[in-house]
Amino acid sequence: MEALQTLAWSDAWYLAPELALAAATLLLAVVDLLLPGRVNRDVIGWGALAGLLVAGVFVGWHLHDLQAAADAGEQPVRNVLGGSYRVDDFGNLLKLVFLGASALILLASLGTVRREDVPIKGEFYYLFLPAVIGAMVMASSGDMITLFIGMELLGITSYVLVGVRKRSGQSGEAAFKYVVTGGTASAFVLYGMSFLYGVTGTTNLTLISQALGTALTEYRALVYVAFFLMIVGFALKLALAPFHAWAPDVYQGAPTPVTAFLAVVAKGAAFAMVYRIFLNTAFFAYADNTEVREDLFLALAVLAAAAMIVGVAGAMKQQNAKRLLALSGVANAGILLVPLTLDVTNLHSSMFSEFIYYLLAYLFMNVGAFAVLTVVSRSSGHEELSAFAGLYHRAPWTAGAMTVLLCSLAGLPVTGGFFGKLFILFGTVQTRSYWLAAILLVTTVVSYYVYFSFIRQMYMRSGETEPPATVPVPSGIVIWLCAAASVALGILPKPILDWINDIFSLSADFLTR
Amino acid sequence: MLENLPVLSLIIWIPLLGSLVVLFLPGYNARAVRGAAIFFAVVPLLLALWLYASYEPIVGGQAFAEQGTWLSVPLNAEAFGLHANVASYRLAFDYRLGVDGISLPLVLLTGVVAAMASLASVHIRKRWKTYFTLFLLLQTGMYGVFLARDVTLFFIFFELTLVPMFFLIGIWGYFGREKAANRFLVYNGLGSAVMLLAFLILIATLGFSSAETSGGTELIFSGSYDTMLANLKDPNAAAHQNSAMFLSENLKWAAFVLLLVAFGIKLPMFPFHTWMLKVHTEAPPAVVMIHSGILLKMGAYGLIRFAAFLLPVQLHASSTVLAIIGVVNILYGAVLACVQKEFKLVLAYSSVSQMGIVLLGIASLNETGFEGAIYQAVSHGLISALLFLLVGSLHERTGTTRIDELGGLAQTVPFLSGILLTAGLASLGLPGLSGFVGEFLSFLGLFSSMKALTAVGVIGVLLAAVYVLRSVLAITNGPLPERFAGLKDARFVEALPMVVLTALIVLLGIYPSLLTDLMQHGFDGLLKELQTRVGG
Numbered sequence: 001m002e003a004l005q006t007l008a009w010s011d012a013w014y015l016a017p018e019l020a021l022a023a024a025t026l027l028l029a030v031v032d033l034l035l036p037g038r039v040n041r042d043v044i045g046w047g048a049l050a051g052l053l054v055a056g057v058f059v060g061w062h063l064h065d066l067q068a069a070a071d072a073g074e075q076p077v078r079n080v081l082g083g084s085y086r087v088d089d090f091g092n093l094l095k096l097v098f099l100g101a102s103a104l105i106l107l108a109s110l111g112t113v114r115r116e117d118v119p120i121k122g123e124f125y126y127l128f129l130p131a132v133i134g135a136m137v138m139a140s141s142g143d144m145i146t147l148f149i150g151m152e153l154l155g156i157t158s159y160v161l162v163g164v165r166k167r168s169g170q171s172g173e174a175a176f177k178y179v180v181t182g183g184t185a186s187a188f189v190l191y192g193m194s195f196l197y198g199v200t201g202t203t204n205l206t207l208i209s210q211a212l213g214t215a216l217t218e219y220r221a222l223v224y225v226a227f228f229l230m231i232v233g234f235a236l237k238l239a240l241a242p243f244h245a246w247a248p249d250v251y252q253g254a255p256t257p258v259t260a261f262l263a264v265v266a267k268g269a270a271f272a273m274v275y276r277i278f279l280n281t282a283f284f285a286y287a288d289n290t291e292v293r294e295d296l297f298l299a300l301a302v303l304a305a306a307a308m309i310v311g312v313a314g315a316m317k318q319q320n321a322k323r324l325l326a327l328s329g330v331a332n333a334g335i336l337l338v339p340l341t342l343d344v345t346n347l348h349s350s351m352f353s354e355f356i357y358y359l360l361a362y363l364f365m366n367v368g369a370f371a372v373l374t375v376v377s378r379s380s381g382h383e384e385l386s387a388f389a390g391l392y393h394r395a396p397w398t399a400g401a402m403t404v405l406l407c408s409l410a411g412l413p414v415t416g417g418f419f420g421k422l423f424i425l426f427g428t429v430q431t432r433s434y435w436l437a438a439i440l441l442v443t444t445v446v447s448y449y450v451y452f453s454f455i456r457q458m459y460m461r462s463g464e465t466e467p468p469a470t471v472p473v474p475s476g477i478v479i480w481l482c483a484a485a486s487v488a489l490g491i492l493p494k495p496i497l498d499w500i501n502d503i504f505s506l507s508a509d510f511l512t513r
Numbered sequence: 001m002l003e004n005l006p007v008l009s010l011i012i013w014i015p016l017l018g019s020l021v022v023l024f025l026p027g028y029n030a031r032a033v034r035g036a037a038i039f040f041a042v043v044p045l046l047l048a049l050w051l052y053a054s055y056e057p058i059v060g061g062q063a064f065a066e067q068g069t070w071l072s073v074p075l076n077a078e079a080f081g082l083h084a085n086v087a088s089y090r091l092a093f094d095y096r097l098g099v100d101g102i103s104l105p106l107v108l109l110t111g112v113v114a115a116m117a118s119l120a121s122v123h124i125r126k127r128w129k130t131y132f133t134l135f136l137l138l139q140t141g142m143y144g145v146f147l148a149r150d151v152t153l154f155f156i157f158f159e160l161t162l163v164p165m166f167f168l169i170g171i172w173g174y175f176g177r178e179k180a181a182n183r184f185l186v187y188n189g190l191g192s193a194v195m196l197l198a199f200l201i202l203i204a205t206l207g208f209s210s211a212e213t214s215g216g217t218e219l220i221f222s223g224s225y226d227t228m229l230a231n232l233k234d235p236n237a238a239a240h241q242n243s244a245m246f247l248s249e250n251l252k253w254a255a256f257v258l259l260l261v262a263f264g265i266k267l268p269m270f271p272f273h274t275w276m277l278k279v280h281t282e283a284p285p286a287v288v289m290i291h292s293g294i295l296l297k298m299g300a301y302g303l304i305r306f307a308a309f310l311l312p313v314q315l316h317a318s319s320t321v322l323a324i325i326g327v328v329n330i331l332y333g334a335v336l337a338c339v340q341k342e343f344k345l346v347l348a349y350s351s352v353s354q355m356g357i358v359l360l361g362i363a364s365l366n367e368t369g370f371e372g373a374i375y376q377a378v379s380h381g382l383i384s385a386l387l388f389l390l391v392g393s394l395h396e397r398t399g400t401t402r403i404d405e406l407g408g409l410a411q412t413v414p415f416l417s418g419i420l421l422t423a424g425l426a427s428l429g430l431p432g433l434s435g436f437v438g439e440f441l442s443f444l445g446l447f448s449s450m451k452a453l454t455a456v457g458v459i460g461v462l463l464a465a466v467y468v469l470r471s472v473l474a475i476t477n478g479p480l481p482e483r484f485a486g487l488k489d490a491r492f493v494e495a496l497p498m499v500v501l502t503a504l505i506v507l508l509g510i511y512p513s514l515l516t517d518l519m520q521h522g523f524d525g526l527l528k529e530l531q532t533r534v535g536g
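Residue numbers (our numbering), protein chains in the order written: chain A, 1 to 513; chain B, 1 to 536.
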């Protein structure tokens, strides 16, 4: 066991993105306190946006650094604090996704959040930052303790964000439900981790993977217990069926930007954790003991299949747009889990590209759809599907953008959602997991019906009597950016996948070094 | 003049360009919108005609083939453990277009029907701009389907027809339009999904190729149709070896059945036909012209292009089953067409029956039969387009298409009634009109292998005479209801497409070699493969 290390000044550089966000949070909190009440708190929102951008620049810098290291023949990994915090390409790519998604969500919420709805507007804006720090810590940790801390930081901040509409009973109910399920999930994860610690004697993921081989011969049952407890916890966090029942309620009660944040960033962070733990420990640790590995990954595949089926089936009869998108998030979580469950064969090892590409597509289609929902519910006054009625007449361009986003959600060409699914499907066929491919395809077809219920409202129901919907400029920018990105990801996936393939390597980022 | 241009690309993308142009025209100017739409629908037709004029069956379509890299996605090669030797490991979906004796007749059909349907869209009374935008987008998808030579590209174009059709049915259709649109979407979506799975299986096996380059080995999974055909013939290809790319007999059968279901839904093949009845009755007539005239043919084309050419052994083994399904289609459709009270449903069931003949042609496994299948597809495309054009004109005048409410129309609208009778006669296979040739060739082809089934199938032709004459005569003859006394006959804009379509039907009926010459060498590869694999 390594001696505990203290934080050195040189480590601060590796933590720069997180530190930048922390500094921005403190600064904005003080500014919010000192600013007179009559000043529009949108200033805080722009400040938070700037903080996210600075952090993004630092992450980009790290990526560049690691690339240089890889070119020089070194391992492109920087270990901080005895390996409990890792700066590697896996983490950096996901950090970019989280920062980008949060920036888009913040931008879309500027100008749409009203004081009557959210009385503490300043807090609303700057509380996104610690949540993002939590997500980034989860993506970057090499130790179970760090992972858990990141998860709690993200969790606790988002409990507050969900309940930020203080005068709405729904929001309070959602926050309460989220606290309870979030706490349950944490408990499961922590309980599982404690078993893993018990049989391996360490919390460091690298050391765990080395110790698992022997642990398995002695404490086989306990290893199962450890992993299955963690799987339950993760499934709760990811809202995978049958652990998804909280998602529609929480998504409905939370302010729409927070819902988007939960759907994209919180979910992405939980995926970062799952991929990190499973690929680092369970996958490569015991090549000669494939039975346990197969059991675990079969369990994950079953969860993925259940999530796809239950998510889509539940969304079919849904009349509330937010609940519908929540259930679509359940189905998409299933799809995002599929690459992890595929075998690494001598032909197939692209699971990370498959995962991150679909996550990117998922980011744009979801953030865009939620931005449209914000605009539409503002003009119609409610969040039912019928709020979209006749949108084609009221705001034709927004309806057009929404159509593109819905095509991406449904996986129709030529959009990012289509290509992402195609790529994952090719993986399933390559590894001959035909049953997963079949479930993915069938649920996709059923989801056409689900997503086209928006289109039926927008184009085939009359809403001509209602006034035209106004779109605030920042929301408009986000909506069009997301729609354009969705199309671009469908037509030109090559540059991004080339880039991911260049910088990411299974052996450096996941194999234990 | 046109030799140096990428004609196939132009045919595909000009409608898309038109779709964008229409999108930016002022919506209140209906004349400009309609004019632009017609223009952009006619240009590809002219290009297709040029293609027809310069196509030489012996040479094939190589001169027109186009190819460019589009998606070349890197796959993670770490698991090989041999970084040094693998220069690149990729998934390649290229932009490949091609034309041959099988696709060219269908491209021509698409051009004709699409141009005529754009003329027939005068019946559209609301939201012209959106209508024509989608209408042109749909055309891009259809041309793409017939010209693509990469399975992924094919799939994308196939899906591209889905969304515009959903809108066209759901916004401009009759009373039950939304339900019809939903049913269309889910059934065809299911077909596409099944097709995608089959394609992915083929890409992961037949699509694999490796090449030695100076930098090391290049490993490529490709969706290229030509690569697949080449790998199919090459006994040393990875798909036939004991490798991770092995295409086992089970996988072949799985892919074949999946393709059969996918294209069977589109064709439509009994029992997957229920969705198209709704579309036939609820969609606006101009859209049904496209749907019945072209989209159904994509099923026939896909069956021949992929199921037959890539999996000939499975086709051979299941030819009897296919023929039985075809006969069921013919008889089921014909019997039900005899008892319908709604003229549109008569035509819908007649489509089921007529497309069964296509299945028979494919099941015959000989050149005559294959040619018959394509000929029947083209001929039925023209006839059903004409019939639905008439349905649109009749509905506009009378407000109904129920057979029991119509009658005696020959007295007030003699031109429409005359064309209706001609189309009906073509549909029942009267010699001298195009319907006869397709039926004759298909049955002739099947007769050499399965005599009994042919005999049963021919009953369907007799029934066709019953249902066509019963409904057409009920509409044109008999007492004229008083409210229809003042009807006006066809306007020029309606008459023009009717005359063109009728002329083509007659032309193809008396001079079949216009099309059969084109197809002459189209099936050589498949026939040779059938001969070597299964010994004739």
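Just so you know, the hints here were simulated from the structure itself, not pulled from any lab data.
Any given hint could be a false lead.
[Claimed, not checked] Interface residues of chain A toward chain B, partial, derived using beta-carbon atoms under 10 Å:
id : residue
1  : 190
2  : 412
3  : 487
4  : 492
[What the hints assert, rightly or not] Here are the computed distance ranges between Cβ atoms for each label pair:
id : chain 1 : residue 1 : chain 2 : residue 2 : range
5  : B       : 241       : A       : 210       : 55 to 61 Å
6  : A       : 492       : B       : 123       : 50 to 56 Å
7  : A       : 116       : B       : 28        : 19 to 25 Å
8  : B       : 246       : A       : 145       : 53 to 59 Å
9  : B       : 27        : A       : 382       : 47 to 53 Å
10 : A       : 302       : B       : 58        : 43 to 49 Å
11 : B       : 28        : A       : 46        : 56 to 62 Å
12 : B       : 9         : A       : 12        : 53 to 59 Å
13 : A       : 468       : B       : 274       : 47 to 53 Å
14 : A       : 57        : B       : 254       : 36 to 42 Å
15 : A       : 42        : B       : 29        : 40 to 46 Å
16 : A       : 202       : B       : 241       : 58 to 64 Å
17 : B       : 39        : A       : 42        : 48 to 54 Å
All C-beta atoms, glycine included, are put in the ideal place defined by N, C-alpha and C.
So, going through the hints one by one against the coordinates:
{"no.": "1", "hint": "190", "result": "violated (33 Å)"}
{"no.": "2", "hint": "412", "result": "holds (6 Å)"}
{"no.": "3", "hint": "487", "result": "violated (13 Å)"}
{"no.": "4", "hint": "492", "result": "holds (8 Å)"}
{"no.": "5", "hint": "B/241 to A/210: 55 to 61 Å", "result": "violated (38 Å)"}
{"no.": "6", "hint": "A/492 to B/123: 50 to 56 Å", "result": "violated (40 Å)"}
{"no.": "7", "hint": "A/116 to B/28: 19 to 25 Å", "result": "violated (40 Å)"}
{"no.": "8", "hint": "B/246 to A/145: 53 to 59 Å", "result": "violated (46 Å)"}
{"no.": "9", "hint": "B/27 to A/382: 47 to 53 Å", "result": "violated (30 Å)"}
{"no.": "10", "hint": "A/302 to B/58: 43 to 49 Å", "result": "violated (57 Å)"}
{"no.": "11", "hint": "B/28 to A/46: 56 to 62 Å", "result": "violated (41 Å)"}
{"no.": "12", "hint": "B/9 to A/12: 53 to 59 Å", "result": "holds (56 Å)"}
{"no.": "13", "hint": "A/468 to B/274: 47 to 53 Å", "result": "violated (41 Å)"}
{"no.": "14", "hint": "A/57 to B/254: 36 to 42 Å", "result": "violated (50 Å)"}
{"no.": "15", "hint": "A/42 to B/29: 40 to 46 Å", "result": "holds (42 Å)"}
{"no.": "16", "hint": "A/202 to B/241: 58 to 64 Å", "result": "violated (45 Å)"}
{"no.": "17", "hint": "B/39 to A/42: 48 to 54 Å", "result": "holds (49 Å)"}
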